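Undergrad: Residue-level listing of the chains:
Protein chains: 6
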Amino acid sequence: MSDQPIIRQLKEGDAFQGFLLAQEAAYKVSAKGSEYLELKLADASGDLKAFLWDVRAVEGDMDAIRADVFLRVKGSVTSYNGRMQLKLDKARFAADVEVGDFSAFFPVSARPVPEMLAEMDGILLSVRDPWISRLLTALFLEDRDLRAAFALAPAAKSMHHAYLGGLLEHTLSILGMAERACGHYGALNRDLVVAGVFLHDVGKTAELSYQRSIGYTDAGNLVGHIALEAEWISRAVGNIPGFPEELRLQILHIVLSHHGRLEFGSPVLPKTPEALLVHYLDDLDGKLEVMFRAVKEEGGGGSWSPYNRALERMIYRVRWPKV
Amino acid sequence: MSDQPIIRQLKEGDAFQGFLLAQEAAYKVSAKGSEYLELKLADASGDLKAFLWDVRAVEGDMDAIRADVFLRVKGSVTSYNGRMQLKLDKARFAADVEVGDFSAFFPVSARPVPEMLAEMDGILLSVRDPWISRLLTALFLEDRDLRAAFALAPAAKSMHHAYLGGLLEHTLSILGMAERACGHYGALNRDLVVAGVFLHDVGKTAELSYQRSIGYTDAGNLVGHIALEAEWISRAVGNIPGFPEELRLQILHIVLSHHGRLEFGSPVLPKTPEALLVHYLDDLDGKLEVMFRAVKEEGGGGSWSPYNRALERMIYRVRWPKV
Amino acid sequence: MSDQPIIRQLKEGDAFQGFLLAQEAAYKVSAKGSEYLELKLADASGDLKAFLWDVRAVEGDMDAIRADVFLRVKGSVTSYNGRMQLKLDKARFAADVEVGDFSAFFPVSARPVPEMLAEMDGILLSVRDPWISRLLTALFLEDRDLRAAFALAPAAKSMHHAYLGGLLEHTLSILGMAERACGHYGALNRDLVVAGVFLHDVGKTAELSYQRSIGYTDAGNLVGHIALEAEWISRAVGNIPGFPEELRLQILHIVLSHHGRLEFGSPVLPKTPEALLVHYLDDLDGKLEVMFRAVKEEGGGGSWSPYNRALERMIYRVRWPKV
Amino acid sequence: MSDQPIIRQLKEGDAFQGFLLAQEAAYKVSAKGSEYLELKLADASGDLKAFLWDVRAVEGDMDAIRADVFLRVKGSVTSYNGRMQLKLDKARFAADVEVGDFSAFFPVSARPVPEMLAEMDGILLSVRDPWISRLLTALFLEDRDLRAAFALAPAAKSMHHAYLGGLLEHTLSILGMAERACGHYGALNRDLVVAGVFLHDVGKTAELSYQRSIGYTDAGNLVGHIALEAEWISRAVGNIPGFPEELRLQILHIVLSHHGRLEFGSPVLPKTPEALLVHYLDDLDGKLEVMFRAVKEEGGGGSWSPYNRALERMIYRVRWPKV
Amino acid sequence: MSDQPIIRQLKEGDAFQGFLLAQEAAYKVSAKGSEYLELKLADASGDLKAFLWDVRAVEGDMDAIRADVFLRVKGSVTSYNGRMQLKLDKARFAADVEVGDFSAFFPVSARPVPEMLAEMDGILLSVRDPWISRLLTALFLEDRDLRAAFALAPAAKSMHHAYLGGLLEHTLSILGMAERACGHYGALNRDLVVAGVFLHDVGKTAELSYQRSIGYTDAGNLVGHIALEAEWISRAVGNIPGFPEELRLQILHIVLSHHGRLEFGSPVLPKTPEALLVHYLDDLDGKLEVMFRAVKEEGGGGSWSPYNRALERMIYRVRWPKV
Amino acid sequence: MSDQPIIRQLKEGDAFQGFLLAQEAAYKVSAKGSEYLELKLADASGDLKAFLWDVRAVEGDMDAIRADVFLRVKGSVTSYNGRMQLKLDKARFAADVEVGDFSAFFPVSARPVPEMLAEMDGILLSVRDPWISRLLTALFLEDRDLRAAFALAPAAKSMHHAYLGGLLEHTLSILGMAERACGHYGALNRDLVVAGVFLHDVGKTAELSYQRSIGYTDAGNLVGHIALEAEWISRAVGNIPGFPEELRLQILHIVLSHHGRLEFGSPVLPKTPEALLVHYLDDLDGKLEVMFRAVKEEGGGGSWSPYNRALERMIYRVRWPKV
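Protein chains in written order, with this note's numbering: chain A, 1 to 323; chain B, 1 to 323; chain C, 1 to 323; chain D, 1 to 323; chain E, 1 to 323; chain F, 1 to 323.
Derived by calculation from the structure, the hints in this document are not laboratory data.
As the structure is a computational prediction, the values presented were derived from the model and not from experiment.
A hint or two may mislead.
Because identical chains cannot be distinguished in the list, a pair is counted as satisfied if it fits within a single copy or across any two copies.
What the hints assert, rightly or not - Taking lysine to aspartate or glutamate pairs in the DMTMM-like style, the calculated list, with each CA pair at most 25 angstroms apart, reads: (1) 11 / 61; (2) 28 / 297; (3) 11 / 35; (4) 74 / 47; (5) 322 / 119.
Isolated chain A (complex conformation) (with noise of 0.2 angstroms):
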C-alpha cells in the first residue's frame, strides 16, 4: 500500500482508492428495502465505517467479502455528525498478494521489533548460569521459527499490549524491572527471574492467532499457553544433556505460577521468591500499560476514562504534574 493515503489523515472530501482491511462485513437491508453493504474497514492507522449504498457495485464474488479479508476499495470520505465515513463507488475481494507488507494494517507495537529483538540478545548474552543460558540460547536465539513467532505476537487477546510485537514489547518491560528488582531484593537469583520472565508467556505465540485480528487457537483454547510453554521448556530441557532436574523444577514452577491464583488459571501458587516476583511483576507490567493506555486514549467523560473491563473500573486521567 505504498502510496495510498492513511485514515488517520483522510479529512471530508478526500477521495481514497486503495486496499483495507474488513474488520466486519455485512450485507443489510435499507428500511426502503434495498441491499447495502456495510463495513468497517481498518488500516494500521485507524478504521473508519463504510458504506455501498448499490450492492451492484460490488466487483467479483460478493460472498468473498466477509470480515478479516482485504478489500480494494475507491470512494470518497464524507462526515456525518463529525465521524467520517467512507462513501464506496466499487469494492471487490483482494488476495493476501496482492497487498504485500500486511504490517500496514494492523496495530504494532510502537517500539520497533529491530530494536527490540537486539535488546533481548543483550540480555540473553547476559545471562550467567550456564544451564539458564543454554536453555534460553536454544529457544529465543536457535529457534527460529519461535523467535520470529515471539517477535511478531501480542501479549494478550483484549486485556493488555493487544497488538503485533505486544509480547516482545511486555516481556522487555518486565525483563526491565526485574533486573531492577534484584537489584533491590539481594537474595533473589537474578538469572532464574530472568528464565522466568522469558518464559512466562512465550506459549502465547501458539495461544493466540494474530495473522489478521488477535483471536485464540485451538490449542490455546484445549490447552492454554501456559501448558504450553511448560511441555516446550521440558522438551528443550530432554535436548541438553545434564540439565539439572532442580533447575527444571525451579523454572517450570515459575512459568506455572506465574498467574498467581488457581482461579485466574495457574495450576499451582507461587512458592519461591523468584516466582512471586514474576507473577507480581507480569501483573503490574499488564495493568499499568492499560492505565496509561486509558489515560492517553479519548472517550469517556472528561477526567475519566470509560468503564475498563480489564481492570473493571475506571481509570483518572487527570497527571498531578512533575516538578
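The hints should help you fit chains B, C, D, E and F onto chain A, whose structure is shown.
TA: Positioned in the frame of chain A, the structure of chains B, C, D, E and F alone reads:
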C-alpha cells in the same frame, strides 16, 4: 513379620514382640520430671498408642527412633478406659532390610494388585483406536517403572483412596463407569474416554511420595500431577511417529481439564463431551469412595459420621435396605 | 395446520398462507415515519422474521397482535442477504381453537412421548421396594394430571432440554445412567436411586409455564421446583398408611439436595451415596445435552460453538472419529 | 434438686451432694498410671470441672457414666489457681426419674415461658386476616405438641438464643420489631409479616434435639428446618377448606426465603417487601442477641470480647453511656 | 417554565413550546443519508423521544446541543404505536439563566423539602447527649452549605432514592425506624444511633454530582462518601473543645462500618450494637424503597417487575390485601 | 539487663539470674494435685519454657505474675528431649523501671533505627514537589511524636515485618523499589509515589499497640489504619495554606486504595497509575519478606517451610545458587 500377631486382633493381656511402623514418636517429660517415649505404632491392620516409661530401656541410638521408621518392640497389651495400649519393655530402631515385606505395614487396597493389573491389561487390549492404543501401551505396558508405580501409588494424600494401590483401584472403578456411560451416551468416543481416564491421575505416581507415609514430593508441590502427566503424554506422543496432533490436543485437554474448575487446579475448563464426562466420573468416584468408607467406619455420633473434611459435611450412615 | 408448509422447508419466492406463532411482535416506525409491524413467527420446525409494511393491512384488533399468540398470515418468502423473511400481505389474530394441534408450533423432544411413557412405565414396574413402588405409582401412574404434565413439560427454561417433553427425556436418560451406576457401585440402593431420579425435577411441571413459551410460574418464582416436589412427596406419602418415616426422609433428602450446593438452591448438601449419585448424574446429563446440541448446531466460528451461557464456555465441536 | 446448692454460688470448702448433669465424662490415666474420672458437671447456673481420683469409688455401672446423663455425686469444692473444682468422694449414674425437674439443669431463657406464651397468644389474637388467623391458630394454639415444643426449643444450636425457650424469645422479639416496622412502613401487610415471623423458624422444633444438649436431629440434617416448616404449613393449609392459594404462596415464600441468600440455605431470594423485612429483622435480632451477650460475658481482653465465631469478629464492649 | 405544559399530560396533537432538559442528544444519519437530531427530552414529570428531521432548523450553535443541557423547543406531539413523540420544528440551546427554577426538570422526592427539614430539626433537638448534640448541630444546623446540600442530594446514583431530596428522605426514614428499634432494644444508645444515621451518608453530598443528572464527582470516585464523611466528622469534632475521644471513635466506627461488609466498601465490620443496627436499617430502607417502587411502576410481565439490577431479582407485585 | 546471659546462648546446666519478659504465665495443677507456675519467658534473642514447681517460692504478689509483665527470676537450665527449659528456684514481678532498656526484650529490625531514619530523611529531602515536600516534612520531620512512633512500630501484627522497626524497614524497602520503578516507567510521578509509600501505613503507629506484645488498639479495631491515616493527611493538609485540592485527592486516593481490593479493606480501588504501583509494591514487599524469612527459619519438613498462614501455602526453601 511372618508370625507376629496383627494389631487388630490384640487383646488386653497379650504379649507382643515384633516389628511395627512408628507413625509418631516423641520423647516427653512426665509431670514427675522423668522422660518417657510416646509412640503411635502401626501395621496394616491398625494402629495403637505405645509407651516406654523408662527411656533407659531404649536399645541403640535413641535419636534413630522417630516418625516413619520401623521399630522392634517387646511389651504387653494393657487397656485404659476401653482403649488398648502397648506398654513396652524394650524398643529399638530396625533397619528396613530386617523387616522384609513392607506391605504388611501400610493400608492397601482391598483388591489384590495382580487382579487389578490383569483387569487393566484387558481394558488396554480392548482399545481399537490404533493411536490411542499405542500411546497407552507405551505408558502402561512397556514402561515398567511407570507400570510398577501405577500399581503401587495411592490416589490421593488424604481425600479418597488414600492407600497403596488406591490409584489403580480408583482408575479401574472410573473405567468401569466410563464403559457404562459410553454405552448410554452413544455419541461419546469410548477410546478417547478410556485414554482420558487412564491418564487423568497418572502423574500422582510422581506427585505423591508413598514409601512410608503419603505426602507430596517436591515435583508434586512445585508442578503438580496435572502438569506432570501433560508432560509425560507429550513425551510419549513424541516417540510415536505420525501421532495426530488433533488427537494429542484432545487427550491433553481431557487431562488438563479434569478437575473441572480453575479454582480446583485445572488450567482449562472441560470443553468436549469426553472431558466433561471424565471430570464428572472422577469426581463422583472419589466422593462415593469417601462416603462408603464413612458409612462403614467407626466413630462419630450414631447415625452420622464425624465431620468429613474432604466433603465438608457429615455422612448419613443409615442405609435403607434393598429388597 | 394440516396442510400448510413448514418453515424449515420454505424457499425464496414461495407463497405462504396459514397459522404461525408470534414469538415477538412490535409496531415500529420507519425512518420515513410510516408505521409497520415487525414479527418473529414460528412453527416447531423453526422461526423467521416477518414484516407487514402497511399496518392498515392488519385485520381485526391491532392490539390483539402481541407475543405468544397465534396469527393467521398470508404473504411470500423473500430473501435478503441469505436470510429468508416473510413479506406479509395480511395478518390477523387467531384464536387457539382455530389452530388445533399446538404441538406443531413448539420445539419438542426428538423422542416420541408414547415411547418415552412406555419406557417410564417399564421402569416403574421394575421397582421392587413396596413402599417406593407405591409412592411412584401414586404419582406417575395414578395421578393423571401429573402424568400428563410430566410428559409435556420441558426440563428447564433455557439451560438444557428446553423443549416440550424435555423433562421426561431428561429423567429417562438419567434413569438409564442410574441403572448402570447401580450395577457398578453395588452398595447403592437402586430403588432409592430410581425414586430420587423420578422425583428430582417433577416440580418443574409447576415451576415452569410452557403452554406457549417457556417461563416461570408465580409458584416457580416464589417457591421453586425443589420445595414444590418436597411438598408433593410428603402429601403423597401421607396418603400411604404406614409409609416408613426413615424412607420418607431419605427420599426427601435426595430431592432437596440434588442441586449439590447451597448456592445453587439446594437447602441441604447430599449426605447419602444415593443423593450424591443423583446430583452428579442429573448435572452430567444436563450438561452433556448442552454440549451435544452445541456440537450439532450452526453458528459460531468454525470448530467452536458460540459462547454458551449455560456452561460459561465455548464448546469444541471437532469430534475425534470412532474406529 | 429442690434443696441442693447451685453451682454459681459454691465457695471453696463447701460440701456438695446432689444431682448434676455430666456434660463431659472420661476415664483417664494419670502420669502415675492410675485411672481417674474427669467430669464436667453442670446445672442451669453454670458448670465446673470435677475429679474422682479413685475410680473404685464409682458406684454401680462404670460404663453408664458418660456425657449427657445425670450423676448423683458427693464431694467438696476445692480451688486451684482461682478456678473452683469438685473433688468427688463418690459418683453414680442417676436415672432421669430420680432427678425430677430438668429445667434446673439447662440454660434457659431469662424470660419465663408462661409470660412469653401469654404474649404470643395476645399477638395471635390480634391477627385480623381470617385466613392467617386460622392458620396460626391451628398451629400455635390448637396443636398442643407443637405449642409445647415451640415453648421449649432453642433458636439455634450455638449461633444465637442457644438455650431452652430461645426460639420463643427470639420469635417474640422479632414480632415486636415487626410491629414497629409495619407502623413505619405503612405499605406492609402486617398480618402477613406476623405470619412470616411466627413460622420462619418453627421447624427448629424438629430440626434440633434439645432434651439434654442441643444438637441436630436426623430430619434436621437431612431436610432442614426450612423444608420442614414449608411442609407443615402446606399440611395445615390443607386442613383449612378454601384457604387462598395466593396467600399460601406468599407465606411459603417468606418462610423459604428468610435466610436471605441461597448460600445460607434459602432456595429462593426474598421477592416481596414482607419477605425482605422478615429476613432482615430475623438476622438483626439474632446478631444483636449475640452482641449484647458478648458485651455482658466475661473472658477476652479488656474492652474486646473473644473472637466470636457466629459474627466472625470481636465485639467492642465499651458502652457510651446514655444521658 | 411557569406556563408550559408538563410532559406527563401531553396528548397527541398538542402543540408544545418551552424549555426541556436534553437527557440524550445525538445527530444521526437516516437511511436516506440525511442528517437528523434525535433527543430524549425531560421535565420532572417524565421524558419522551423527540426528533428534528431537518438539522437546518437548529438555531444557533449545533454543537451546544448535547446531553445535560437545556433546550428551547417548539413542535407538536405525535404518536407512533402508542408511544408519544415530539416532532420538532425548531430547537436551540438555552442557557441555565433562561430556565429559572431547575426543580421543574428533575425527579424529586415526593415529600416537600421544608417539611423534611422541619422533621430533621425536631430530631436534632431531641438529642440529649450534649456532645452528640453539638456535633450534629454544627453540621446540620449551623453549616448552611452542608445543610442545603443535604436537603438537595439524592441518596444514590441509581440504586435507591435516586432523586433530589432522596438523601434526606432516606435518612429520615431510617431515623424513624431507628427510633422504634431503640424503643424495642432497650440497651441501645439512642443518641449514638441517631448520630450514626444522620452521618452515615452525609458524604453523598460530595460523592455525587446532581445538578443535572446524577453521577459521581472526582472526590466520589477517588475517595468515596465513607472516607469523606469520616474526614468531616473528625474536622467538626476538632472544633468542639473537649469532645471525648471514645465517642469520636464510636461515631466514626458506625459511619465506617455501615456498609456491613468489606467487599461493599466498609473498611471495618460493625463491632458495636449501634453500628450493627445502623447497617441493617440503612440496608433495609434502601431495599424496601426499591421494592415498593417496583411494585408501583409499569413495565415487566404481569405480576412481576422487570429484572431489578439493584436487588438482582424480579419483584413480585401482587399484594395480599390488608383486612 | 546489662550483664545477664541472653537466652539464645544458654546451655544445659547454666545458672540464670536476671529479668525476662513473661509472654505466657499460668498457675496449673499437677496430676499429683500440687500447684505450679508455668511460664514462657523471653528476651529479644528467643524464648523458653520455665517452671516453678513450688508456688510458695513466688515472692511478692502472686497475681501480679501474668502475661506481658517482666519477672525477676533465678534458676538453672535443664534439658528435656533436646529442648532447654528453665527450672526456677525463685520468681517475682518486676516493675518496668527496674528493667531499663526494653529493646533487649523484643524482636527488632535487623537494621539499626538511626541508619533507617537517616535514609528516610535523605528521601524526604529528595522530594522536589513543594506541596508534597511540605506535607511529608510536617509529618515525618516536624511531628516528633509521629516520627518516634514511626521508627518504633512494627508493620503488622503477625503477617510480615512483625517486629519493632518493621514499619520503617518495610516503608524504606518499598521506597527503594518505588524509586527503581519510577526510573523504569517514566510516566509515573515519582514524588506522588514517594508520598503514597510514606503515608500508606503510617496509621499503623496508632492501629497497633507494640509496647510489650503486638496487638490492636481500640482505634485500630474500630477505625483501622487506612481511615486513621486519611484523617491525619487531611489534618496536615489543612495546616498548609493553599495546598491544592487535586493533590490532596490524589494522595488520599493512593492511601485509601493501597490494599488493592475492597475485600481487603480498601474502600476504593486503585484508579491512577501511582495508586496501582504503590499497591503492588507494598503487597510484593510484604510477601517477599515472609518468603525470605520462611526460607531461613527452622521447622517444617526438609525443603519445605511449615504451612504459612499469611501466604496460605508452604514455601520452597531450596535455593538455586547464583553463579
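Undergrad: Give a verdict on every hint.
TA: Checked hints:
no. : hint      : verdict
1   : 11 / 61   : between (31 angstroms within a copy, 22 angstroms between copies)
2   : 28 / 297  : between (31 angstroms within a copy, 24 angstroms between copies)
3   : 11 / 35   : between (27 angstroms within a copy, 19 angstroms between copies)
4   : 74 / 47   : within (16 angstroms within a copy, 38 angstroms between copies)
5   : 322 / 119 : between (29 angstroms within a copy, 23 angstroms between copies)
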